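Peer 1: Each protein sequence line maps, in turn, to chains A and B.
Quick note: the first sequence uses the numbering used here, first residue 3, plus one each step.
Quick note: the second sequence uses the numbering used here, first residue 3, plus one each step.
Source of the hints: derived by calculation from the structure; they are not laboratory data.
Please read all numbers here as calculations on a predicted model, not as lab measurements.
Careful, some of the hints might be misleading.
[Claimed, not checked] Quick list of in silico lysine-lysine cross-link-like pairs, DSSO-like style, CA-CA up to 30 Å:
#, chain 1, residue 1, chain 2, residue 2
1, B, K460, A, K138
2, B, K175, A, K138
3, B, K455, B, K175
4, B, K187, A, K107
5, B, K110, B, K12
6, A, K107, B, K455
7, B, K329, B, K12
8, A, K132, B, K455
9, B, K99, B, K53
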Amino acid sequence: MLYDITINGRNYRLELNCADGRWSCCLDGRDFEVDAVLARPDVLSLRIGNLAYEVKSERVANDLHLWVGSTRFAVEVRDPRSLRGRTRAGDHQGPSKIVAPMPGKVVRLLVSEGDEVEPGGGVAVVEAMKMQNEIKSPKRGTVQKILVSEGAAVNAGDVLAIVE
Amino acid sequence: MAHARKAMFKRILIANRGEIAVRVLRACHEMGIAAVVVYSDVDRAALHVRKADEAYPIGAAAASESYLNIRKILDVAERSVADAIHPGYGFLSENAKFAQACADAGVKFIGPTAAAMEAMGSKTRARQAMEKAGVPFVPGTSRGVESFEEAEQVAAKVGYPVMLKAAAGGGGKGMRLVHAPEELKSALEAARSEAERSFGDSEVYIEKAIVNPRHIEMQVLADEHGNTVYLGERECSLQRRHQKVLEEAPSPIVDADMRRRMGEVAVRVAQAANYTNAGTVEFLVDHEKNFYFLEMNTRLQVEHPVTELIAGLDLVHLQIRIAAGEKLPFKQNDVRIRGHAIECRIYAEDPDNNYFPSPGKITLLQEPAGPGIRIDSGIYEGWTVPVDYDPLLAKLIGYGTDREQAIARLTRALNEYFVGGIETNIALFRRILRDSDFRDAMLDTGFLERLLKRPEDKPADSRAAVVGAIAAGLFAALGSAEQGTGNSAGSGSPAAEKLSSNWKSASRHEALR
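This is chain B alone, in the form it adopts within the complex (with noise of 0.2 Å):
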């Protein structure tokens, strides 16, 4: 990367938190510019907190009553005196009005414009923009449906079963699958009230579902004087209740020519809306490899990091180079993909009991390093991860030669991976990479669901149980010996102690005496 030039930012106000708002936190620091961070009550010992040069609070845990509260965080740029601020995903990084209240206040959004956003936010305008571009759409209506008589003739049209989207949404959220007529009514109703509850915006839209597509999308990046690149595919067809759960780059159906042919299209879609910075095409894609425009994200993707690996670039430093008004430091041409990357998405969820949320106190994190393994994370042994916000704790992205060496380094450095006192979604990962279809490469979005559907069928290991037993008995002879009052497995959080029913914990004392 060049060295930072004169009309480079000196300060970037970043307005989020968990993992990413520490991986642009770094790229920051990479970049000589000061990380200024916002933080909720709920936050104040969280990572990006402990990093950050200059820290401010801005209110309640409700993301309503901070993360997403345009007015405070504003309010902390100019007091932060910030040339710019970086939105990170989620919160308020598709949100045009914020962009245009950036702009208004002089501090300059690290992201498209609020006119590109606009046009692309909306899921239906966008489709109406494309569709004079030329763009494949799969069949269904390019505005939100008025009543329930309008989706009833708008499915029976296009055919079930059909999907239902919310026209602000992303993320799975409002989105219904409707195999029958008779299931339409309450899919809509529901689909409405969580797009309202979600996005404030109830506007649901209908299109002809395609059963168990792959889900490939197309990073892009435009900067400001006209040049607009794409940088690949991710294949992102690992998702569960439409939340992505494992990447990858490139896809493996994808070769040279299929990828030139979506990364024009992207680059089309792009221009279409004057969209500037890093933003991402999604496509679905179907049995014959016919791809259909999806959406467009117009933010920095949680699953940023695979394409990173592959194509050599660091897209934060991009993103920041753009809006501080840089050209694009090289042409399409340049772009080289080089090697295999698999992200997977480390959630605080409890595979046991069907992937609840499960926040708590982390009483012991041992991450894996080494060779071709990257974390991007947003937690630390003895941080209570809050019941308030996104799951996500960390992303664990394994780079290869291939995609048989990315996943065997992934599948090493998930043995090596501990997260105590919280159940985590490590196994599923452990079990998805030894799959055969997955090591197949026959994916599609319905491959999780099948997955767990099926029993695992995981041997039983008696040397590991007599192991543990004999452990058993060390940790609480050892833990006595050498703390006296009884071992560290002890250490629960406060709220764990109080439900630890008192036979247990008596049983338990006393067995460490």
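Bound-form chain A, shown alone (with noise of 0.2 Å):
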């Protein structure tokens, strides 16, 4: 099996093969004896060698976490031989998506649209769980588009405005 891997930004290649409940890894040309139990789902029991790790998998919002210890990765897997593994461009310039981190409620507007805001400046604030927060404009630019009045509830990921 082949993987290409994304750890924290970085890419590695990985072939499993796997003999006798013993996995032969090669990590971009390294290779690794590996003894893989999954104790229980998203939790990976691993000894590389002698030595033993537990490794943790878990989905928050729309990325991929491995946990080693107490150390987070952000992980995408990818299969080379498919088509689709391929990174969308793009996404850096033009408007920028102004989106809710988490549900909550929109309490106030701070912008109306046309207004310019400055990177880091306040276009909304939503409160969640007692809390109001503050959701900010990434980069400078114009608000070219408010998609949600005061009092609207919201949905972790819905789009509250659009600055270009």
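Grab the two chains, each in its own frame, and use the hints to assemble them into the complex.
Peer 2: This is how it looks when you write it as structure tokens:
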């Protein structure tokens, strides 16, 4: 099995072969003998040589994380033979969507359509779990569109406004 | 504990949710008392409902429709024939109207009387009563300010910086620090509107701000026969946005003499209000170890476990026994402080996103155990943390012979603790516990903000990244081998699934074939 793996922004190529319950791993040309037990869903017990590790897997919003001890890694796993495992270009230019980072209620809009905003400038205030949080613009620009009204309930990831 | 007497309650209604409802429920069961709980529409699957003897729905998620609704809760008390109501903390716990309504309905409120609460609950009235009893105060107004002009005058008189505080407040709501006169107007408006929203009372008063004080509080306990004792202090200086994050007992700076002096003031405060049951007297302590009365919290505190551990007492058992009319089973001289305890408040919040609340489904939960570790938790694996309430998930408490051992055990336990699927502040506690100022007990209320401003000097662990890369492949390989369709890491919440962009899920799927 062949995987392209991105861990905290660094790319690895991993080849896995299983024989008699043991895994031969080749990671960017380095070989490891690994004994792996899926202790329960999302929890992997590893022995690499005689060094023991517990690795936990979780999904938060649309990200996959692996925890090695108390260190968290953002992970992407791709099959290099797949044509669809390519990153979409152009994510960083053009209009920025200001999204709600968590479910809650829009208690206040701090800008109107057409307003100029600075990087870090407040766009809206969202209340969740009794806390009010200011949602900020990641960049300088003009507020092109506001997609929510004060008092609206929003889910994590809902677009509040678009800044260009 | 002596076994229950004839007068002991048979059924207690717990008017709360989350970890504190579970904690009170456990005390009820330990004492052979049936636990009746209430729950809102979003809490049907909550842990306190699962563990209860009887559970009653009380309405919509909004607290005003459920956990804050006096009529509905008293209705359940009547239907369930409860003898007493434990309010926990927050919600109705410091609501004098509720305490009075309980008394009128003939159900015992486990806490102080409405009159004692009224004397204490409004910080300004508490202040007037305490001044008579010779309690030390921070300079400021003892009444709410009527107008901006009055606020200006008072602030100028006590000198900037000043602190604006909601008279009905607590938990940092309706509080604003004002450094200079030009900030006063907007701060006053913000404090008033927050106070109105949070407590239904916009009264705000002004105090001189003591910069970077310690926040130390004294636990008191009073029976209904005139006996009042103090059980030692808790150091609660580690706060963020005026919310406590980590508490410990005893305070590293309080010696036996200071403990006695603070304890005696706390007892005087309680007695001045004819206080009964458990309460906490909060003090600000300046750099010269002068202490000033801040407020009395007329409820069981979130951080009560640290006192329980060092005093060897169960405060909820004692609350229930006092409410049932028993005398305190010990005297002040019998109280012994032993060892050291530290509590971490585990919140559902995102450290990488300015500690925004992070509700959602808990996909994996591994709780620590072992020597000197206590967890008061309100969560379980597979449960979805609702968006509607305070983000406190659980409290992790470490106990040791001394502070050093308590820190060591807590550090070890934090490394065992794993909550998957939602963001938590667990990593923040690892950082606090290894901080050299924390280890030297150099604490004040500005500690945490300073810590968070510093970049985290965590060495990059290249070995861990290699292990992570191998594990990522093995999760994919083992998941596809054992489950056919994908590894279990793919079982996010429906919302997360919806959010997941198409190319990512598509590529993940293909990678797992």
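Peer 1: Quick one, are K329 of chain B and K12 of chain B close enough, alpha carbons at most 30 Å?
Peer 2: holds (19 Å)
Peer 1: Given the hint that K460 of chain B pairs with K138 of chain A, test it: the Cα-Cα distance must not exceed 30 Å.
Peer 2: holds (27 Å)
Peer 1: Take a quick look at whether K132 of chain A and K455 of chain B sit within 30 Å of each other, Cα to Cα.
Peer 2: holds (24 Å)
Peer 1: Would the pair K110 of chain B and K12 of chain B pass a check requiring their Cα atoms to be no farther apart than 30 Å?
Peer 2: holds (12 Å)
Peer 1: Between K99 of chain B and K53 of chain B, is the straight-line Cα distance small enough, at 30 Å or below?
Peer 2: The hint holds at about 29 Å.
Peer 1: Would you mind confirming whether the straight-line C-alpha gap from K175 of chain B to K138 of chain A stays at or under 30 Å?
Peer 2: Within the cut-off at roughly 22 Å; holds.
Peer 1: Decide if the proposed pair is consistent with the structure: K107 of chain A and K455 of chain B, CA atoms, cutoff 30 Å inclusive.
Peer 2: Roughly 28 Å between the alpha carbons, so the hint for K107 of chain A and K455 of chain B holds.
Peer 1: Need the status of pair K187 of chain B, K107 of chain A: alpha-carbon distance at most 30 Å?
Peer 2: Roughly 26 Å separates the two Cα atoms, so the pair holds.
Peer 1: Just to be careful, I want the Cα atoms of K455 of chain B and K175 of chain B compared with a cutoff of 30 Å; is the pair within it?
Peer 2: Judged against 30 Å, a Cα distance of about 23 Å means the pair holds.
Checked against the numbered hints given earlier, the structure satisfies every one of them.
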